[in-house]
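Trainee: Line by line, the protein sequences are chains A and B.
Plus 19 on top of the position in the first sequence (first one is 1) and you've got our numbering.
Plus 19 on top of the position in the second sequence (first one is 1) and you've got our numbering.
These aren't lab readings, by the way, just hints derived from the structure by calculation.
As the structure is a computational prediction, the values presented were derived from the model and not from experiment.
One should not assume that every hint holds.
It does not matter which identical chain is used: a pair holds within one copy or between any two.
As a list, the in silico BS3-like pairs of lysine-lysine whose alpha-carbon atoms are at most 30 Å apart [to be verified]:
no.: 1; residue 1: Lys433; residue 2: Lys314
no.: 2; residue 1: Lys386; residue 2: Lys93
no.: 3; residue 1: Lys121; residue 2: Lys433
no.: 4; residue 1: Lys314; residue 2: Lys78
no.: 5; residue 1: Lys246; residue 2: Lys386
no.: 6; residue 1: Lys389; residue 2: Lys121
no.: 7; residue 1: Lys334; residue 2: Lys120
no.: 8; residue 1: Lys54; residue 2: Lys334
no.: 9; residue 1: Lys395; residue 2: Lys121
no.: 10; residue 1: Lys93; residue 2: Lys78
There are 2 protein chains.
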Amino acid sequence: MERLPGFRDFYPEPLPHNDVWSCDARQYVFDTWRKVAKRYGFREYDGPPLEPLELFTTKSGEEIVGQLYNFTDKGEREVSLRPEMTPTLARMVAAHERNYKKPVKWFAIPQLFRYERQQKGRLREHFQFNADLIGETDPAADAELIALLIDTLRAFGLTAEDFVIRLSSRNAWQDFYKQGGGDTAHEYEFFQIIDKIERATPEESEKKLTALGFSLAAVTAFIESGKPTVELDSILQNLAARGLRDFVKVDYRVIRGLAYYTGVVFEAFDRKGEFRAIAGGGRYNNLIKLISGGKVDLAALGFGMGDVVLVELLKERGRLPKFDSHMDVFVLIEDETLRPLSLKLVADLRAAGYAVEYPLTPAKADKQFKRAQELKVTYTARLDNDAYVRIRHLHTRDEIVAGFADAANHIEKK
Amino acid sequence: MERLPGFRDFYPEPLPHNDVWSCDARQYVFDTWRKVAKRYGFREYDGPPLEPLELFTTKSGEEIVGQLYNFTDKGEREVSLRPEMTPTLARMVAAHERNYKKPVKWFAIPQLFRYERQQKGRLREHFQFNADLIGETDPAADAELIALLIDTLRAFGLTAEDFVIRLSSRNAWQDFYKQGGGDTAHEYEFFQIIDKIERATPEESEKKLTALGFSLAAVTAFIESGKPTVELDSILQNLAARGLRDFVKVDYRVIRGLAYYTGVVFEAFDRKGEFRAIAGGGRYNNLIKLISGGKVDLAALGFGMGDVVLVELLKERGRLPKFDSHMDVFVLIEDETLRPLSLKLVADLRAAGYAVEYPLTPAKADKQFKRAQELKVTYTARLDNDAYVRIRHLHTRDEIVAGFADAANHIEKK
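For reference, chain A alone in the conformation it holds in the complex (with noise of 0.2 Å):
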């Protein structure tokens, strides 16, 4: 039986295959997540997995159910495995916001869900590392949380010659579109143009900018410019101060294709072009209010790292780290008539705190030292006789012999 195209197992590491995934990494992605998001004073939230339907198409239209794992459940609720957090945050924040203090900066790491047309490395879950400011409008908190991204992508040993955050702005590109004469009514449609004008041909942008009333020239000539807003050189002014400037670059290409973003939007890519995003997000100072249905109005900000890009990328790089068994010590047992006592000892350091494995049946000594070998223990322990415990470390090969209640003083954690 084979589990569903388009999603993962995780593995222990040493993995069977390369094209397996390693839960071992899986784990130092989201503890390096967690660790950065915590100095940075962002509180962790989740919500559930399956949400009823309407909360995604209040957002993004109807058009999104096309790409939803949605159904009808037993109790004929049209639901839909999450595709993305922001509705579900901004639904928790709405019910609750008078209880936290503003401004609330939470994070969360869901699994998210896509029905995508299945094509080569394209996934249909992926981990989303999720971090939000909300209850601030001033371009501080915008700094605040690109800051946040720069030092997660740095956690993880990238460097400024790795990755670049390109900036930009949709207040920018709605005062170009109202200044060159922009139908309000089709601005979202003009955005989309400028999201997809690095990948379509100039002249299918040409005819498309056209039917607007506006020309390439001059939407390649605002690009050009790359002039940061007054809003902009804030947030670049409080990186700089911050020793962040070397990361981001204005860069007006980017627009994000969500409808919800209303002002500075953001994207991180490796240096060398060689990966789809790294990271995105933006202001969706509107949000909170439609989904609580104009109780709550709170301005908000925040992005998305999602884990399939950030560790192909850590992987090219080389910046992954090795994961072995994390065993401390393994516990020879040579002699049965010893082997309750060795349990006890197992118990004790156990109880220590190391990472204790051995032989759960009867063995011989040469296959015991081979296994303690494959799980790249650092020491090993054996009972002399009822008393005495002889430890060896197996890098250093120093070898003491310790009473049996002191034996974990004589043992270092990994």
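Given the coordinates of chain A, assemble chain B onto it according to the supplied hints.
Mentor: Chain B in isolation, oriented as in the chain A frame:
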């Protein structure tokens, strides 16, 4: 817009209401599960939350479908959210078992889904700590797994006065059934009568047992004898050697509902009997063969421990820690001309591993200090000028002035 009934949101503490679930408590539970599993040499794995429906019906029969979140996906596949982890584990092990030395010791923390009829406090999803030991038939494996279960509950501060493992054996019941002349075709039916004996009236049980050729008196006598089989005795001695004998009692009333158990079975209960089972498990020596279509034949056993009963029990017993913002330092910015340098201080302290907060926008000094207190930070730090930082410990009220580059050396982590 509301979330679906039976599903939970997880909020950061402090919580708005008592009946809201805490993401901090959830993370504490997950961290504790992982910590103890690693000490025992168990490695983490995970599979998809969505699997082919057939994976669950193969194991539990078609009748389980009524309790599943199942549907037809956009590729016409019959799929289901996972109601339990064991079939996925069996599938994963069968696919790559040659890569892993036996015994395989694996754990996972999946979210599981069941469409149960709405009852007070009954949820439709929960997280479950799953630990499984694969490829070893000796009762030493059963003892190792039960020791893990006991030490996991102890790691939450629970003692032998709080909980007990009720240990039983399907083999013992199989022998009883065979010796009583039972018909193999009705064996599972007999097990289900035993499974319900605590909740059913004596008359009901008597009637059903008589239909299979047994008497309630004989069944009760067997239960009350409580005589350990050779296998159970071996497990009890193994646990005694580890100092864990007080946590276990033989109790033949436990037999477990699921069809696939083949040997030892057990459940963890609070001693006061106020809650449903905290955990349950047993041997399933035939399941991997079944799931793999006969390709892989490995003995196995495992247990599952849900987060809902556990957290309710820990709350009731006052064993759940208090959670706060986990912040170390609040950087006060009273002189706005020092903001850029203060941002550098924030960045440096975060880079040194501290959790640091600061006012995003200009604010009065007393308001900033109040925010620092609300966040329960250990320290405030404030630039005196462009070279010196004033660091104050909020509990001891000790205050020191350090050079800018030296500030981090005067701060201890929470």
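Trainee: Indicate, hint by hint, whether the structure satisfies it.
Mentor: Right, here's what the structure says about each hint:
1. Lys433 / Lys314: neither (52 Å within a copy, 38 Å between copies)
2. Lys386 / Lys93: neither (54 Å within a copy, 51 Å between copies)
3. Lys121 / Lys433: Answer is between: at 24 Å across copies they meet the 30 Å cutoff, but 41 Å inside does not.
4. Lys314 / Lys78: Within. Shortest intra-copy distance 16 Å satisfies the 30 Å Cα cut-off; inter-copy 48 Å does not.
5. Lys246 / Lys386: Result: close neither inside a copy nor across copies, 68 Å intra and 37 Å inter.
6. Lys389 / Lys121: Answer is between: at 13 Å across copies they meet the 30 Å cutoff, but 57 Å inside does not.
7. Lys334 / Lys120: between (40 Å within a copy, 26 Å between copies)
8. Lys54 / Lys334: Both. Shortest intra-copy (21 Å) and inter-copy (27 Å) distances satisfy the 30 Å Cα cut-off.
9. Lys395 / Lys121: between (48 Å within a copy, 16 Å between copies)
10. Lys93 / Lys78: both (25 Å within a copy, 22 Å between copies)
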